[in-house]
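> Read off the chains here:
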Amino acid sequence: MRTITLQPLRAFEVSVEAEAISPSRFARLTLGRIRTQEVFMGNRKMKLADLFKVEGDEPLAIPEETTVVMDGDFSKVKRIGEGMIAGTLEVRGNVGMRAGNGMKGGLMTIRGNADDWLGREMTGGKIVVEENAGSHVGSGYRGEKCGMRGGEIEIRGSAGDYLGEHMCAGTIRVKGDTGDFPGAVNQGGTIFIGGDTYLPGAEMTKGSITVRGKTTMLPSYQKAEVVTLEGVQYQKYVGDLVENGKGELYAATSSP
Amino acid sequence: MIIRGGIVYDPANGIFGEEMDLCIDRGRIVEDAKGEEIDAHNLLVMAGGVDAHSHIAGAKVNTGRIMMPDDARLGLEPATAVCRPSTGYTVPNCYAIGYRYARLGYTTAFEAATPILESRHTHEELEEIPIIDKGALTLFGSNWEVMECVREKDLGKLAAYVSWGLRASKGYGVKIVNPGGGEAWGFGANVKGIYDPVPNFDVTPAEIMRSLAQVNESLRLPHSVHVHFNNLGKPGNYTTAIESLDLFKDIKPSQTRQVVHVAHMQFSTYGGTSWNDFKSEAPVIVDYFNKNHFCTMDIGQILFGSATTMTADAPLEYGNAHLLHAKWSNNDIELEESSGVVPLVYLRKNPVNAIQWAIGLELALLTKDPWKVILTTDHPNGSSFVNYPEVVSLLMSKVKRQEELSNIHELASKRTTLPGIEKEMDWCDIAIMTRAAPARILGLEDKGHLGVGADADVTVYDLKPDEMDPSIQHDLVKKSLATAKYTIKGGVLVSRDGEITATPEGRTFWVDASVPKEDEERMMEDLKEKFDRYYSIKLSNYMVQDAYIPNPVVIKAGALPVEEVAP
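Quick mapping for you: the protein sequence lines, in order, are chains A and B.
In this text, residue positions in the first sequence follow my numbering: the first is 675, and each later residue adds one.
In this text, residue positions in the second sequence follow my numbering: the first is 10, and each later residue adds one.
Hints listed in this document are in silico derivations from the structure and should not be mistaken for laboratory results.
The reader is advised that the hints may include incorrect statements.
[Stated by the list, open to error] FRET-style restraints, in silico, Cβ to Cβ:
(1) B:411 <-> A:920: 52 to 60 angstroms
(2) A:896 <-> B:341: 31 to 39 angstroms
(3) B:314 <-> A:720: 47 to 55 angstroms
(4) A:916 <-> B:454: 30 to 38 angstroms
(5) A:917 <-> B:83: 34 to 42 angstroms
(6) A:897 <-> B:86: 30 to 38 angstroms
(7) A:816 <-> B:90: 24 to 32 angstroms
[Unchecked claim] Here are a few chain B residues that sit away from chain A, every Cβ distance over 10 angstroms (derived from the structure):
(8) 24
(9) 79
(10) 80
(11) 82
(12) 263
(13) 264
(14) 411
(15) 480
(16) 502
(17) 511
(18) 542
[Stated by the list, open to error] Derived DSBU-like pairs (lysine-lysine); straight-line CA-CA distance at most 35 angstroms:
(19) A:880 <-> B:407
(20) B:526 <-> B:547
(21) B:423 <-> A:819
(22) B:423 <-> A:800
(23) B:473 <-> B:488
(24) A:750 <-> A:727
(25) B:288 <-> A:819
(26) A:888 <-> B:336
(27) A:920 <-> B:336
(28) B:423 <-> B:407
(29) B:258 <-> B:377
(30) B:358 <-> A:880
(31) B:547 <-> B:537
(32) B:336 <-> A:897
(33) A:819 <-> B:539
(34) B:423 <-> B:201
(35) B:258 <-> B:432
(36) A:778 <-> B:336
(37) A:719 <-> B:488
The C-beta atom is built at its ideal place from N, Cα and C for all residues, glycine as well.
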C-alpha cells in the first residue's frame with residue numbers, strides 16, 4: 675500500500691480548485707510529478723507543492739493500493755477526488771465544495787464537514803462524511819437531468835437542502851436531519867433520512883425515500899398501506915402524482 | 010495576399026475544380042496582388058461559407074442559454090492570446106459562435122428570426138460575435154399592424170410598415186413564422202391551416218403571406234420573404250406546405266431571385282395522420298421544387314444528438330414540450346410574436362427522429378437544381394452548425410448513408426425513399442449548397458463567390474479533391490471540412506488548422522427601404538396609437554439606434570407602386 679500525505683502550507687483565503695488530488699491520479703506519478711500537478715488558486719495557475727506539503731511513499735502502485743491522507747483544513751479546497759476510480763482518500767478535516775465530483779470508485783472518508791455538491795453525479799464508490807454536509811449532496815449539475823447514478827454516500831451528521839436532487843440510482847444515508855426538498859426529481863435512487871426533513875420527493879418518479887424523523891408531506895402523494903421496516907412503523911406513500919410518479923415514500927408514524 | 014495553386018470551386022463564376030491563384034487586396038478579390046503567399050497546392054479552395062438560416066443571436070438564444078446551464082458545460086475552451094473563452098454546444102456563447110464558424114470555413118451567418126421589439130438585444134449579441142459578417146431577418150408574420158394593413162388591403166401602408174420595421178430593427182429581410190399563429194397563441198389557440206382566420210383580426214395566414222410577399226417585391230428588398238410554414242412539425246403538414254407555396258406562384262420577383270424562401274423544409278415535409286403512421290413526403294415536395302422556379306429552401310437537417318429547438322412558433326414549442334416531457338419556455342412579444350424554446354435529443358432508435366433525419370437528406374438529394382436547396386441544420390433546432398461536415402459527408406457518400414441507415418430505426422428505410430437514392434453530390438454541388446446558393450438567395454452580391462470584386466472570404470480545406478473519392482473516404486471529408494486549413498475573412502487570415510489567428514470585427518447588413526411619404530404618415534398615425542395604448546415601451550425608445558451597429562453595411566431599396574395581383 676502506497677500512502678501519500680498532504681498538508682496545507684497556509685490557511686487559504688481564496689478558493690483552490692484541486693481536482694488533481696485523487697488517489698487514482700497520484701497512483702502512477704512519482705512524488706516529484708505529484709508536486710508539480712496543476713491547481714488553481716482563484717484565477718492563478720499554481721503547482722500542488724506551492725500550496726501543500728506533499729510527502730509519502732515513492733514507489734508507484736496501482737490505484738487500488740494507493741491511499742491519500744489529507745491532514746488539516748481543506749474547506750476552501752474544491753473538487754477533491756474528482757472522478758476518482760479507485761483507492762482510498764482520507765481527509766482529517768473539512769473539505770470544500772464538490773468533493774467526489776463524478777466519482778467512479780474507491781472510498782473517500784471525510785472526518786470533518788463537507789461543503790455543497792458532495793458526490794455530484796457520482797457513478798460508483800463510497801463517500802463517508804463523519805460530520806455534516808452542505809446542500810445538493812449527490813445531485814446533478816444545474817440543468818442536468820441525471821444526478822447521482824450509482825455508489826453510496828453516508829453522512830453521519832446532517833445535510834442541507836436538495837439532497838439527492840435528480841438522483842437516478844445509488845444510495846444516500848443521512849443519520850441526522852436534512853434541509854428542504856430531499857430527493858427532488860428522484861428517478862431511481864434510494865434515500866434514507868434518520869432525522870427530520872421537509873417536503874421530500876417533489877416530482878419523484880421512481881426510487882424510494884425513507885424518513886425516520888418528522889416530515890411535512892407534499893399534497894401530491896397518495897397514501898398506501900402502513901408497513902413495518904426494521905421494527906419501525908412507517909406510513910407508505912406513492913407519488914409524486916404531479917409527475918404520475920411511482921416513487922415510494924416511507925414516513926415514520928412515531929418519532930425515533 | 011496570394012493563395013497559390015488551389016483547386017478552386019467557384020460555381021457562381023463557372024469554375025469547377027480548376028487549379029488557379031487567388032489574389033486579395035484590401036479585403037477584395039483582385040486580378041493581381043503582392044504580399045504574403047499562402048500555399049494551397051492541390052487543396053480544395055472555396056469561397057467562405059454562407060449560412061442563410063441560423064439562430065445565433067437574440068432573446069430566444071439567450072433564453073436557451075439560461076435554460077441550459079448543462080449545455081454550457083460542453084465545448085469549454087479557455088481564452089488565448091487572441092480569443093476570449095468559449096462555452097456551450099447547442100447554444101454557445103457569442104465568441105464561440107464566431108470562432109466555430111471561422112474554423113468551419115464559414116464567414117457569413119444570418120440570424121433567422123428577430124422580433125422588432127427584441128432587436129436591440131439581437132444586435133448587442135451580433136456585435137459580440139467576432140469575425141463573421143452577419144445580419145438578422147425581422148419577424149412580421151403575426152404583427153398587429155401587418156394584419157390590420159392586410160385586412161384593410163392597404164399594401165401601401167403595409168410597405169411603409171415593413172420599411173419602418175426593417176429600419177427600427179436594423180433588419181435585413183422579412184421573416185414570416187407560422188403566420189397568424191403567434192397572435193392566436195395569445196388566446197391559447199393556433200391557426201390550423203392557411204385559410205383559418207386569425208382570432209380578432211379576420212385575416213388568414215394566406216393573406217398575410219401573400220401581402221408580405223407582394224410588399225417585399227414592391228420594396229425591391231434584396232432577399233425574398235423567408236417563411237416558416239403553418240403546421241410546421243406536424244404529421245401530414247406537407248399539404249399545408251404545397252398550399253402555401255401556391256400562394257407565391259404568380260408574384261413577380263423584383264430581382265433575379267426566388268419569390269419565397271422556405272425555411273427548414275424538412276420540418277414541413279411530413280406525411281401520415283399521426284406519429285404512428287408518420288412518413289416522408291419528400292418526393293412530392295421535391296417534385297414541386299423541381300417544376301417551379303419561384304421557390305428555394307433550406308433543408309433544416311436534423312442530426313442525432315442534442316439540439317435546442319427555438320422558434321417564434323410558440324404553440325409548436327408548447328406541443329414539443331408536452332410530447333417529449335421536456336423543459337420549455339414561451340415568451341409573448343407584445344403586439345408582434347410569441348416564441349418558445351425547448352431543448353431535446355434526437356435519438357437513432359426513435360422512429361420519428363430517424364425518419365426526420367432521412368427526410369432532410371432526401372430533400373437535398375432529390376432536388377435536381379442545387380441552387381434551390383441550401384444546407385442548414387436550422388442551428389440549433391436540428392443540430393449545431395458545427396455538424397455541417399457530417400451532413401456534407403452524408404450527401405457525398407451513399408456508403409455512409411447506408412451505414413447510418415443500418416444503425417437507426419428501421420422505419421427510416423421503410424417510410425422514406427432514402428435507401429434507393431443513388432445520387433452522391435460532388436464538390437461543385439457542395440460549394441453551391443454551402444456558399445453560392447445561400448449568398449444568391451439572400452441577395453448578397455459580394456458573398457459566396459470568388460470573382461474579381463467579391464469579398465475576400467476564402468476557405469482552404471486540407472483535402473486534395475483530385476486525389477480522393479469522397480464516396481468512400483467520407484471520414485476524411487468530415488474531418489477536413491470540420492477544421493479548415495485556412496479561413497480568410499475580408500483578406501485577413503482568421504483561422505489556421507483550427508487555431509484562431511485573428512478576430513476582426515464583422516459587418517452587419519441591413520436594408521433601408523424608402524416608401525412614399527404619404528404612406529409612411531398614414532402608417533405612423535396607426536403606430537402612434539398602438540404605442541400609446543398597448544406597447545410597454547415608447548415609440549421614441551423603440552428604434553435600434555445606429556450605435557448598436559458599429560460596422561454597418563446599409564443596402565438601399567425602395568418602393569414601387571404595388572400592383573394588385575389577381576388571386
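> Could you see if the CB distance from residue 917 of chain A to residue 83 of chain B stays within 34 to 42 angstroms?
27 angstroms, violated
> Does the claim that residue 511 of chain B lies outside the interface with chain A hold up, using a Cβ gap greater than 10 angstroms?
Residue 511 of chain B is indeed farther than 10 angstroms from all Cβ atoms of chain A, at 25 angstroms.
> Does the Cβ-Cβ separation between residue 916 of chain A and residue 454 of chain B fall within 30 to 38 angstroms?
For residue 916 of chain A and residue 454 of chain B the Cβ distance comes to about 57 angstroms; the hint is violated.
> Are residue 547 of chain B and residue 537 of chain B close enough, with their CA atoms no more than 35 angstroms apart?
Between residue 547 of chain B and residue 537 of chain B the Cα gap is close to 9 angstroms, so the pair holds against 35 angstroms.
> Has the given pair, residue 719 of chain A with residue 488 of chain B, been kept, meaning a C-alpha gap of at most 35 angstroms?
Roughly 33 angstroms between the alpha carbons, so the hint for residue 719 of chain A and residue 488 of chain B holds.
> Taking the Cβ atom of residue 411 of chain B and the Cβ atom of residue 920 of chain A, is their distance within the range 52 to 60 angstroms?
Given about 41 angstroms between the Cβ atoms, the range is violated.
> Taking 35 angstroms as the top limit, are the C-alpha atoms of residue 423 of chain B and residue 800 of chain A close enough?
48 angstroms, violated
> Quickly compare the C-alpha distance for residue 423 of chain B and residue 407 of chain B to 35 angstroms and report which way the hint goes.
Holds. Residue 423 of chain B to residue 407 of chain B sits at ~17 angstroms (cutoff 35 angstroms).
> Between the alpha carbons of residue 423 of chain B and residue 201 of chain B, is the straight-line distance 35 angstroms or under?
29 angstroms, holds
> Take a quick look at whether residue 473 of chain B and residue 488 of chain B sit within 35 angstroms of each other, Cα to Cα.
Holds, at roughly 13 angstroms.
> Does residue 24 of chain B clear chain A by more than 10 angstroms, comparing its Cβ with all Cβ atoms of that chain?
Consistent with the label, residue 24 of chain B stays out of reach of chain A, its closest Cβ about 48 angstroms off (over 10 angstroms).
> Using the beta carbons of residue 897 of chain A and residue 86 of chain B, state whether their distance is inside 30 to 38 angstroms or not.
53 angstroms, violated
Violated hints, in rising order: 1, 3, 4, 5, 6, 9, 10, 11, 19, 22, 33; the structure is consistent with all others.
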